[in-house]
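Participant: For reference, the chains in residue letters:
Protein chains: 2
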Amino acid sequence: MAEPATLLARLASIVGGGNVLTAAAEVAPYVSDWRGRYKGAALAVVRPSCTAEVAAVVRACAEAGVPVVPQGGNTGLCGGATPHDRGDEIVVSLARMNRIRAVDADNATLVVEAGATLAAVQSAARDAGLAFPLSLASEGSCTIGGNLATNAGGTAVLRYGNARELVLGVEVVLADGSVLDMKRALRKDNTGYDLKQLFIGAEGTLGILTAVVLKLFAAPRTQVTSLVAIASVRDAVALLRHAKQALGDRLVGFELMSDVAFGLSRKHHPGTPDPLPGHPWYALVQADDSADDPGLADRVEAMLGAAIELGIAADATVARSVAQAAAMWSARENISEAQRREGPNLKHDISLPVSAIPAYLDEAERALAAAFPGVRFVVFGHLGDGNLHYNLSAPAGTANESFVAASNVERAQRIVHDLVAARGGSISAEHGIGQLKRGELQRTKAPLELALMKRIKAALDPAGILNPGKVL
Amino acid sequence: MAEPATLLARLASIVGGGNVLTAAAEVAPYVSDWRGRYKGAALAVVRPSCTAEVAAVVRACAEAGVPVVPQGGNTGLCGGATPHDRGDEIVVSLARMNRIRAVDADNATLVVEAGATLAAVQSAARDAGLAFPLSLASEGSCTIGGNLATNAGGTAVLRYGNARELVLGVEVVLADGSVLDMKRALRKDNTGYDLKQLFIGAEGTLGILTAVVLKLFAAPRTQVTSLVAIASVRDAVALLRHAKQALGDRLVGFELMSDVAFGLSRKHHPGTPDPLPGHPWYALVQADDSADDPGLADRVEAMLGAAIELGIAADATVARSVAQAAAMWSARENISEAQRREGPNLKHDISLPVSAIPAYLDEAERALAAAFPGVRFVVFGHLGDGNLHYNLSAPAGTANESFVAASNVERAQRIVHDLVAARGGSISAEHGIGQLKRGELQRTKAPLELALMKRIKAALDPAGILNPGKVL
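Heads up: the sequence lines are chains E and A, in that order. Take the first sequence: its position 216, counted from the start at 1, is 216 in the working numbering, and no numbers get skipped. Take the second sequence: its position 366, counted from the start at 1, is 366 in the working numbering, and no numbers get skipped.
Just chain E, same shape as in the assembly (with noise of 0.2 Å):
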């Protein structure tokens, strides 16, 4: 490894004296996770303006010996972008590189830089009278860079898919400097083996994205938002199936909360409208339209009637406006933040197949409350995908700083993700690896998958300069 000051005096020719960071306070932003996890250093945090840059950067890093942390806006919940603790790596912020580069309303496409935040590209294909329906409660800061590299999911997955289902084609700075340049706006092409997927996901231990091709959608023209009361996460699984059928493609969210997580979001932000109290559980069940369909609310609540006579559904209200619609996704968008406030807890983001869900909830359950009596579950997700954020809140009483041990993490995430990997489950839905849940990754996936991984990485990366000691 050269001098450190030899490598920063060469960042500083390519991006500029100016956007290579190294002072405590400018860097403190770019080192620690949005939750507050993680705390790390960084030899220098580096800005680049262009793809040539981010290429050049890496190739100086890669000489030099020195590992680099992608990053977009910084908003992962897993420290996938926060660097180690030991200060011997450069962060490579994205957050410079936003521009829209184009967008093609008759391919339905859309060509966008790594660092733009995924509330401007939502916002460039509104203008172009279109839609990109990833949609996330961190959008406003988040980047589109940022939802690759993790394959984000969020809130309308159920009809358009993970982050990964939306790209077209990628830019990619690879592990000895050299772009990879697949920005085709195709949505066909079988001409050999589709290496983009291996860079999606990969929470930049593969490559850095530094520009995307998106597909884009109809615009809804027609919405209709409801919450529904239920009585149990069973009868929440029948609705769904039975919302699948009446609705078809217009359903695009079927969101679950219990009446702990609800409650939550509406103690720490006022004012949140409490329009059903007194149920276990709360369905949020979004139905879009991308033609004018001024049927659909009558739809919605027919559906919603007949659940209630079928017994699946204890009661629900239909929004009446765009601002009482906007409270219903409010109260779940705001969940994660409420718990931010409320003090840490125990967090696990796990998948299932749906129908695998009620066993499974009814399984865990037992078995935490024996292993911490009296602890309060925050449950709340997105049942169309399988996906809950199955959180563990301190007992009554309980200090939550102790709660959350060290030693209670382990214990807890051992049950939950045991139980799930026996119901042929994910660790982790939608979050990722990161630093996190790397140990857990290598307790509960398979070794023959673990193996095939670490091929690929050797593949792309034999000298594991990007991002080491994240996902693997």
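Mixed in with the good hints, there may be bad ones.
Because identical chains share one entry, a pair is satisfied inside a single copy or across any pair of copies.
Keeping only pairs whose Cα atoms sit at most 20 Å apart, straight-line, the calculated SDA-like set for lysine to any residue is [as the list claims (entries may be wrong)]:
#1 K183 x Q442
#2 K183 x R443
#3 K454 x A41
#4 K267 x A326
#5 K454 x D176
#6 K183 x V103
#7 K454 x T272
#8 K183 x A52
To be clear, the hints were calculated from the coordinates, so they are not data collected in a lab. If you're wondering where the values come from, they're calculated on a predicted model, not measured in any experiment.
For this one, chain E is given, so just place chain A on it according to the hints.
Facilitator: This is chain A only, laid out in the frame that chain E set:
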């Protein structure tokens, strides 16, 4: 390499002697391709009945240093499932592995073995009140394993995506005979690299798919098929955008046919209706709704009426019965078979950004007419996906056989593919590479992409046991 007889005896001990075919007449159907372009040979054709047998067969071949050629329904269009003519390979037919293992209606998923036909998968989905939307002309004989190995496209990609997007999990036998069991039925799973993507579209060169987990969808309950006469491809692109605006998610298929292609279909399938004679181009527009929607036909008619007023459609007719709709689709689906009966022509399976297609066609037609005076264009395909089957027939008075001489194949490919590459297109939109397009792939793909593909191949199949000489 061991004696062939030793290997064959070992294979017989695995699958039973009756499932190791060596007699010329028995082997024949497995060693040539559907189009009759390739005549290969094989040490034997082996027909395992389960995953463990496939694994044992591959292990035996790997230990003997004998390559294996996986084969499903043998309907591929690029010779990807046809052994070479050296006769030193083992064809592994998945045809006996055709069980539907499970259907989960609450999770909307299906687990099926690789050798089941696409039609059998569609039928199992229908029996559960759901739909598997992949649809191809060969669906009665192609297998789901082959569909995924080639990332099949077909006529509903516009709404549902390619085969890749319909897969949740896979079970794969690797090059050393180990079994990678990733039959997860999860819509969200971000636990490391998405390894299944490697095997989808790799044409059996990285592993042999033995079972897959597929997404199911709400079945269409309302379907409206229409045929539209169009003056130019530019108008067709405008009509596509207009139809997307008006129908949104309901627009499931948008197929383009030239009058020549349509006429060929009618010539070889007498009785095919010709409801709008005398136009240069036709679009087949399929609108589906997964809900009961009695107004859909009116909506489609209004869309078409507006298109005629806008001058982007010349005439249109909406099918008034299931039989009329089926006849419209048959006219489209029969083009491939009609071409086969008409005699050989020069075929290309290209894709482009939809917006680039009109200018591409102008340019390609000029260049080809100059190179091959009098050449006839048989153009049809999935305009909604930017995918055209761009085929060239002999000028009147020229024998088909002399027209498709190797020198003409190469000359035409160079013209067609170089112009495609110049506009960011693909030389194989949905058929894959197989043997047929290997040279063109080497010629047109960026060296860095080819190098990465070779690194992946070396990482997963270092001894080159799996389908050598295909794709790369």
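Participant: Of the numbered hints stated previously, which ones are contradicted by the structure, given in increasing order?
Facilitator: Of the numbered hints, 3, 7 do not hold.
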